[in-house]
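K.L.:
Construct the complete structure from the given sequences, taking the supplied hints into account.
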Amino acid sequence: MVDRRPVPMFPTASENRVHTLPLSRRAALSFGAAAAAGVLIAPRRAGAVTLDITQANVQPMPIALPDFAAGAPGDADTAHGVTQIITSNLRRCGLFAPIDPAAYIEKISSPDPVPRFPDWRAINAQALVTGRITRQSDGRLKAEFRLWDVVAGQQAAGRQYSTSPDNWRRIAHIISDEIYERLTGEKGYFDSRVVFVDETGPAERRVKRLAIMDQDGANVRYLTRGEDLVLTPRFSPSTQEITYMAYGQGDPRVYLLNIETGQREIVGNFPGMSFSPRFSPDGQRVIMSLEEGSNSNIFVMDLRSKAMTRLTNTPAIDTAPSYSPDGTQICFESDRGGRPQIYIMPASGGSAQRISFAEGSYSTPVWSPRGDYIAFTRQAGGKFAIGVMKPDGSGERILTEGFHNEGPTFAPNGRVIMFFRDPGGNAGPSLFTIDIGGRNELRVPTPSFASDPAWSPLLS
Amino acid sequence: MRPGLTISCTGHVVVLAWGLVAFAAKPNDAPPVEPLPVEFVSATEFSQLTAGVKNAPKPAENPKPLADKVGEDKPVKQLAPKVADKPEITTDTTAPPPPKSEAKPEAKPDPKPAEKAETPKPAEVKPDRVAEELKKEEAKKPPKPEKKEPQFKPDQIAEQLKRDEAKKPAPKFDANQVAALLDKREPQRQVATAATLNGVAALGAPTGHAAQLSQSELEALRAKLISLWNPPPAVSANPDQYVVTIHIRLTRDHRLIGQPQVLTGGDGPLFEATRDSAVRAVLQAQPYDMLSQSTYDLWKELDINFNPREVFGG
Numbered sequence: 001m002v003d004r005r006p007v008p009m010f011p012t013a014s015e016n017r018v019h020t021l022p023l024s025r026r027a028a029l030s031f032g033a034a035a036a037a038g039v040l041i042a043p044r045r046a047g048a049v050t051l052d053i054t055q056a057n058v059q060p061m062p063i064a065l066p067d068f069a070a071g072a073p074g075d076a077d078t079a080h081g082v083t084q085i086i087t088s089n090l091r092r093c094g095l096f097a098p099i100d101p102a103a104y105i106e107k108i109s110s111p112d113p114v115p116r117f118p119d120w121r122a123i124n125a126q127a128l129v130t131g132r133i134t135r136q137s138d139g140r141l142k143a144e145f146r147l148w149d150v151v152a153g154q155q156a157a158g159r160q161y162s163t164s165p166d167n168w169r170r171i172a173h174i175i176s177d178e179i180y181e182r183l184t185g186e187k188g189y190f191d192s193r194v195v196f197v198d199e200t201g202p203a204e205r206r207v208k209r210l211a212i213m214d215q216d217g218a219n220v221r222y223l224t225r226g227e228d229l230v231l232t233p234r235f236s237p238s239t240q241e242i243t244y245m246a247y248g249q250g251d252p253r254v255y256l257l258n259i260e261t262g263q264r265e266i267v268g269n270f271p272g273m274s275f276s277p278r279f280s281p282d283g284q285r286v287i288m289s290l291e292e293g294s295n296s297n298i299f300v301m302d303l304r305s306k307a308m309t310r311l312t313n314t315p316a317i318d319t320a321p322s323y324s325p326d327g328t329q330i331c332f333e334s335d336r337g338g339r340p341q342i343y344i345m346p347a348s349g350g351s352a353q354r355i356s357f358a359e360g361s362y363s364t365p366v367w368s369p370r371g372d373y374i375a376f377t378r379q380a381g382g383k384f385a386i387g388v389m390k391p392d393g394s395g396e397r398i399l400t401e402g403f404h405n406e407g408p409t410f411a412p413n414g415r416v417i418m419f420f421r422d423p424g425g426n427a428g429p430s431l432f433t434i435d436i437g438g439r440n441e442l443r444v445p446t447p448s449f450a451s452d453p454a455w456s457p458l459l460s
Numbered sequence: 001m002r003p004g005l006t007i008s009c010t011g012h013v014v015v016l017a018w019g020l021v022a023f024a025a026k027p028n029d030a031p032p033v034e035p036l037p038v039e040f041v042s043a044t045e046f047s048q049l050t051a052g053v054k055n056a057p058k059p060a061e062n063p064k065p066l067a068d069k070v071g072e073d074k075p076v077k078q079l080a081p082k083v084a085d086k087p088e089i090t091t092d093t094t095a096p097p098p099p100k101s102e103a104k105p106e107a108k109p110d111p112k113p114a115e116k117a118e119t120p121k122p123a124e125v126k127p128d129r130v131a132e133e134l135k136k137e138e139a140k141k142p143p144k145p146e147k148k149e150p151q152f153k154p155d156q157i158a159e160q161l162k163r164d165e166a167k168k169p170a171p172k173f174d175a176n177q178v179a180a181l182l183d184k185r186e187p188q189r190q191v192a193t194a195a196t197l198n199g200v201a202a203l204g205a206p207t208g209h210a211a212q213l214s215q216s217e218l219e220a221l222r223a224k225l226i227s228l229w230n231p232p233p234a235v236s237a238n239p240d241q242y243v244v245t246i247h248i249r250l251t252r253d254h255r256l257i258g259q260p261q262v263l264t265g266g267d268g269p270l271f272e273a274t275r276d277s278a279v280r281a282v283l284q285a286q287p288y289d290m291l292s293q294s295t296y297d298l299w300k301e302l303d304i305n306f307n308p309r310e311v312f313g314g
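Going line by line, the protein sequences match chains G and E.
Using our numbering, read the first sequence as starting at 1 and increasing by one per residue.
Using our numbering, read the second sequence as starting at 1 and increasing by one per residue.
Rather than coming from a laboratory, the hints here were simulated on the basis of the structure.
Built from N, CA and C at the ideal position, the CB exists for glycine as well.
Mixed in with the good hints there might be a few duds.
Short derived list, chain E residues pointing at chain G, Cβ under 7 angstroms [to be verified]:
| id | residue |
| --- | --- |
| 1 | Q215 |
| 2 | P231 |
| 3 | P269 |
P.N.:
Shown next, in the form of structure tokens:
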């Protein structure tokens, strides 16, 4: 586990022996003066001219990330690696523009002294991250970082962590999340994982295995051996469990898998297929579709009591249910109107309301963890598109469109969607991310073909 | 007949009085539309500047003289003197002045008898007369100045000076006067254009907007801040909750005095990020040299509302 505690704005000698006290005092004084100036500002004049700024220039924020300092020469590689991961995370999220280190004027050798802000303003940096990685005497790794607001000339955040050395990548993701949250005002999503279906082998004899990796594609680990065909893995929002559909012996079934222990179990025991499972927001229930003749309906099962509750009862195919983040509503796909469309209904059952009305058919609806959007796959005109709409059906927009795009899943903060794209032909599918504004489409590196991604909640 | 007339008159008066009240023209409640300030050259700008400022300092009770040192009126050389300046010509209609007639008998007889008296022999009687005459003349002459003296008696002069001094107010210590005393420049009289005159005295109309930041200055300032403001995208969900108002004070060199003052309260990471983005924009916009020196009083303090509602197309 990772211990974390905030780094004080200016560490005292007792907290950090490397740091010299006079500097700290001087710095504290200068900032104290700045703070006093802010407080002592004269009361404003009533007749001051008022100006309204209603437009903005939204663009990636230029940020400087010099290599973290190494507490000892042996830590230099780790320090460099941590910096690289933070830089990559911030660049990939599309909201930051890391500045080329070759442009840096000041060489940062320690995160403690106040940087020379004019040097960083000169290269148009608006934020600066400094840090240090130290291996402590007990073998644990200590990581510190400070985030500086270069324009205002002050520290915006600072924290230190201590963890086991093999957790250094997670430290980098956690620091990335801190920076992201401080500068964008939203929770980050870097300290998270993605479970997906890894596909190897020729197209006619594809081996599909469940795999899990960090959201940036590192640390791939396989969860199944590939003897069963697996589909639609879904993360539990609160536990280290996933649920998925697999073709074992006979009909496809919904399984539950603990990714820490590897323990696997079938959810319920029903005649016929069960498919498209998904967890409730509290992780206590699994909602899924059960085959009933030529139709299917939506059921929810309490994982503790194993009690099944029917939510729909229609002579149609109702499937792909997904809970709203507050757990009061579900959205699902149904062809009760002719073509598959998206409906929402209360989580306890009741009347459903159709929210998608455009041409084509809609499938795989998934509710954002923020609650503001529902992402979907739309098939129209021989193309598959990934899009989002508000839960009332308004504000629909297509983020990407092509031969085959499918299976959207939201990042924990709801700002980014991951999906898989199959270019057709002999090539296989691969994973992509795109932000909910339709910008910054990026391929996620995977060892081989990959499909059906499912994003985990934040790990910490 | 009489009661009918009375009732009729009373009725008419009542109806008319009621009508006066009921149908009185309602005041026009439409708010007066304030004209947009438009920047024009010379004439308009000039008149705007001279129309006074709402928040101008009150004119001092003893306004500083418009000329720092006022010289005395200099007589102007008149190349062609006016007819009116000529001394009046009076015709000598009155009787000839008596002194002339008297002087002649005196002057003529005097030298002749004197010469005569000296040349022949020192006459016993005549010389006495001449001497007496001379003595008389001498005696007459000194009293003449004495006759004038009564007008300028030393005592009276002293008294007059004392009176004058008494009339003068006790000398106050006035910085302006000291400055004037120390001022060794030549007196000057050519100051006071309309701008300086009204700039001191006029407060302007209470609702006037005579001197305003021009549209082009405001637009340039707005454009600069827009280009620098980079709010976090997450505010797009509830933009109205994240309007940040920042108060800034500026020097004449177009730089900030102290730190920008955030007037909007709020908490949470998203508010902080939005607030910081607005503060960054204000800091980075230095120097504010799109604002002209002549309107410094208007932009020395600014309230800037950063409103993200329209930023993300909401």
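K.L.:
Now, for every hint given, state plainly whether the structure supports it.
P.N.:
Hints versus structure:
{"no.": "1", "hint": "Q215", "verdict": "12 angstroms, violated"}
{"no.": "2", "hint": "P231", "verdict": "5 angstroms, holds"}
{"no.": "3", "hint": "P269", "verdict": "5 angstroms, holds"}
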